[in-house]
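Visitor: Listed below are the residues making up each chain.
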Amino acid sequence: MEAAHIVFHNVTVSYGSTIALDAISLEIPKHQIFGIIGPASSGKTTLLKCINRTIDFVPNVRVTGQVTIDGEDVFRVKNVCDLRRRIGMVFPLPVGLPLSVYDNVAYAPRMAGVHDRDELDALVETCLRQAALWDEVKDRLRLLGTRLSGGQQQRLTIARALSHRPEILCLNRFSIAVDPVTTMKIEDVLVELKRSITIVVVTNLVQQAHRLADRVAFLNRSRVIEVGPTEAIFSEHPASQMTFDYVRGHFG
Amino acid sequence: MTPSLDRRAGLSRRFSRLGEPAVEWAIRLCGWSAIFFVFAIFFFVFREAAPVLFGELDLEEFFTSVNWRPDSTIRPQFGILALLAGTASVTALAMAISVPAGFGAAIFISEFCGPKAREALKIVIELLAAIPSVVWGFIGYMVLNPVIIWTTGAPIGINILNGGIILALMSVPVIMSVGEDALKAVPDAYREAALALGASRWQLTTRVLLPAAKNGLLAAALLGVGRAVGETMAVLMATGHSVQIPHGVLDPVRTLTATIAAELGETVVGGTHYRVLFVIGGLLMVMSLLVNLTADLIVNGVRGRPNT
Amino acid sequence: MSLEAGLFTAGPIERRKRRVERVAHVILLLTTAALILPLFAIVIYLVVKAWPVLSWSFLVENPQHYMTAGGIWAPLVGTFYVVVLSLAIAAPIGVLAGVYLNEYARENWLTRLVNLAVVNLAGVPSIVHALFGVGVFVMMAGFGRSVAAASCTLAIMTLPVIITSTREALAAVPFAFREACWNMGASRWQTIRTIVLPNAIGGILTGVILQVSRAAGETAPILFTGAVFYVAVPDSGLASFFPYGLRDPFMALSYHLFTIATQVTGVSEALAYGTAVVLIALVVTVNLVSIVLRVRLRSRRKW
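Note that the protein sequences, when read in sequence, are chains A, B and C.
Once you know that position 44 of the first sequence is 46 in our numbering, the rest is easy, because the numbers rise by one and skip nothing.
Once you know that position 5 of the second sequence is 23 in our numbering, the rest is easy, because the numbers rise by one and skip nothing.
Once you know that position 248 of the third sequence is 356 in our numbering, the rest is easy, because the numbers rise by one and skip nothing.
Check before you lean on any hint, since a few could be wrong.
Said to hold, decoys possible - Beta-carbon label-pair distances, calculated as ranges:
no. : chain 1 : residue 1 : chain 2 : residue 2 : range
1   : B       : 315       : A       : 5         : 54 to 62 angstroms
2   : C       : 196       : B       : 137       : 27 to 35 angstroms
3   : B       : 216       : A       : 138       : 43 to 51 angstroms
4   : A       : 59        : C       : 162       : 57 to 65 angstroms
Claimed, not checked - Here are the simulated DSS-like pairs of lysine-lysine, each with C-alpha atoms no more than 27 angstroms apart in a straight line:
no. : chain 1 : residue 1 : chain 2 : residue 2
5   : A       : 80        : A       : 32
6   : A       : 140       : A       : 196
7   : B       : 232       : B       : 202
8   : A       : 140       : C       : 410
9   : B       : 232       : C       : 125
10  : B       : 140       : C       : 410
11  : B       : 134       : C       : 410
12  : C       : 410       : B       : 202
13  : A       : 187       : A       : 140
14  : B       : 134       : B       : 202
15  : A       : 32        : A       : 196
16  : A       : 187       : A       : 32
17  : B       : 140       : B       : 202
18  : C       : 125       : B       : 202
19  : B       : 232       : B       : 140
Hints were generated in silico from the structure; no laboratory data involved.
For every residue, glycine included, the Cβ atom is placed at its ideal position computed from N, Cα and C.
Just chain A, same shape as in the assembly (with noise of 0.2 angstroms):
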């Protein structure tokens, strides 16, 4: 197996007295997608707002355990905004923010700091195409992000995710609310991507995962059930039962 990028030791997450996340252990490999499946309130979410801290946010939190990049801990990062600029997250619901499309992928090298126009102009066009979207809009560029279609926009919202080049992209369920020719135009460009940058894929489709991941974790019920590689996950024996009946359909 590839190095572990990201690692989960014994990871609790609780909201006041809801547990979330119940002492996860898992380890995620470098440059490979790493699929998460699992029924509704499994902690799948939580799982992701760890790796990046935006767990922060959340009210009355408590966080236990430790996850590491690279064997650093994220909860002791000097600085939690470079921290963020590493890690690429993609929501379910598309977001375009209320700029022009350029100023939508040129956001974060802004606000890291880079200015020079040149730069910023191959970054964008880059990103745009990394996402499959600059030859839909490199016209198009001053365009409102929000008067993409939805589509368009969740691939805006992967482009604006690669713009502070970061070593890990999330996705978060983000096939949802797009259509079935985009979330395959989507899936391409994952499958592109992964060569240079670790992937966590989140999704309640579990033919996605199948059809993605190289390796997948069964969560359900805040608790990790199994982890393996997807042919394992996906056979006819996997470790748990459970797994073997949601992926098959019979409960979730």
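Given the coordinates of chain A, work out where chains B and C should sit on it, guided by the hints.
Guide: Quick look at chains B and C alone, frame taken from chain A:
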């Protein structure tokens, strides 16, 4: 030309962020100072009132006596019953006019009106709300005064009737806009269901919307009351200066607010009269606090969530 | 089921329903008209009575002959200064406080208490603001009856409403935008500075402008904190534009209307009506500016 993808991961901040903590501290400071001022008023008014409130003021006389003679050299008396009656009577008359009228207008604008007329009417109501209270007092004193004398034959035209009408016109915008919000907050699903069953707009309004919006409408009426009770200049100019329990709608009265406005200038700072005026001010604050809290509770329930 | 004329023509119940509805419609229309039309009638009446006096010189001349003649320059300037000064104090503090409460403050019992206090303070009777102003600014701070004391009192009066309207404007910016920025490594202030504030500024401005008109029209808070019956003000020249020092008492338009209507004898009617008309015009104009701003903002929404 594309920047290489295997540059060091992430772009770290190139310039130190010195300015940012300073800005955030300024914001925090403003937040806290605003909070400070907000509590300061409550605190201060009661502080000035405290010496007489817990001292020489006979609370029973205060609330039950009609004798308001603060400047008497023999024995100053601080009974506010007549003033309470003044506030209550003017407010009651104003509400009797403005609540039905305000609700009627709210229903009209919300359910029976075309969109363009609605926009125009809402702007007019907003401008109505903007008219300063001293102008309303002026209208009562100069315009309504002779009209009342002429139509009712009363000896003077500044009385409860005058003040009531003026206060009604002043409270209507609040009642109307909060009432309209309450009606708008009723889910469209209710409207569609009623219309699908064949209800006319009027039936929809009386049988579905008004019951569904009753909390918001009650809150609207309460806020109107709060507005009327707290009004100063308009009642000062339109209701007269007579400290007495009224016997009819044509009697002049004096309200709590007008009393403070009329007398504060002539008191000795720190003296008993001065402090009793602060007690009245505190009473007004408590009354408006109760009204607002009740209205808020009705609309939002005890847990702070909408109650419709 | 019969398919004769009975299926889609109105039966007696339906006809009565429609009659009731028409009657209700008319009554409601009349009610609304009864509120609006007298207003127009009053305004027209005021303008007609004020007509003899309305002119440019009315605005720029000082009151003469113990208020019985002349114009309203001194009160007009006084109102202007006091309003500008009070908003210069209240707007920055109020807006930043709104930013703090909506963007930074954590959800706990303290913030809820503060919200309650702010909302209730906005409903405090204006005469209580006068009490506070007298006690704190005139007496305790030692400003005496002055522009400074009155401005501070008006600032405290407008502060809660500016805070509330700022918070509403900020809350109208969707949370998803903030989340997107945080996930890209932008700090809270960066997000506020680049996305939240620029998209809320219209609503904030509208709220502040509305307080301008409120501060200009209020009488009670300035009654004992600095507005006076008469101050000698230069009639012309540069000094007539800056007639009041911070520690001087001043004349104000709202208080002026009160005194010439109720306290002074021998004032020509037209003068009093003229003052009222100018005050109304001032307030209505400012409010119209804010309404126009709001309408234009709505049509230029970016999401």
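Visitor: Each hint needs a verdict: does it hold in this structure or not?
Guide: Hints versus structure:
1. B/315 / A/5: 54 to 62 angstroms: Given range 54 to 62 angstroms: holds, Cβ gap about 59 angstroms.
2. C/196 / B/137: 27 to 35 angstroms: The hinted range 27 to 35 angstroms holds for residue 196 of chain C and residue 137 of chain B, with Cβ atoms some 33 angstroms apart.
3. B/216 / A/138: 43 to 51 angstroms: holds (49 angstroms)
4. A/59 / C/162: 57 to 65 angstroms: holds (58 angstroms)
5. A/80 / A/32: holds (23 angstroms)
6. A/140 / A/196: holds (25 angstroms)
7. B/232 / B/202: holds (12 angstroms)
8. A/140 / C/410: holds (21 angstroms)
9. B/232 / C/125: It holds: about 24 angstroms lies between the C-alpha atoms, which stays within 27 angstroms.
10. B/140 / C/410: holds (25 angstroms)
11. B/134 / C/410: holds (24 angstroms)
12. C/410 / B/202: Holds. Residue 410 of chain C to residue 202 of chain B sits at ~24 angstroms (cutoff 27 angstroms).
13. A/187 / A/140: holds (17 angstroms)
14. B/134 / B/202: holds (17 angstroms)
15. A/32 / A/196: holds (9 angstroms)
16. A/187 / A/32: holds (23 angstroms)
17. B/140 / B/202: holds (14 angstroms)
18. C/125 / B/202: Holds, at about 24 angstroms.
19. B/232 / B/140: holds (21 angstroms)
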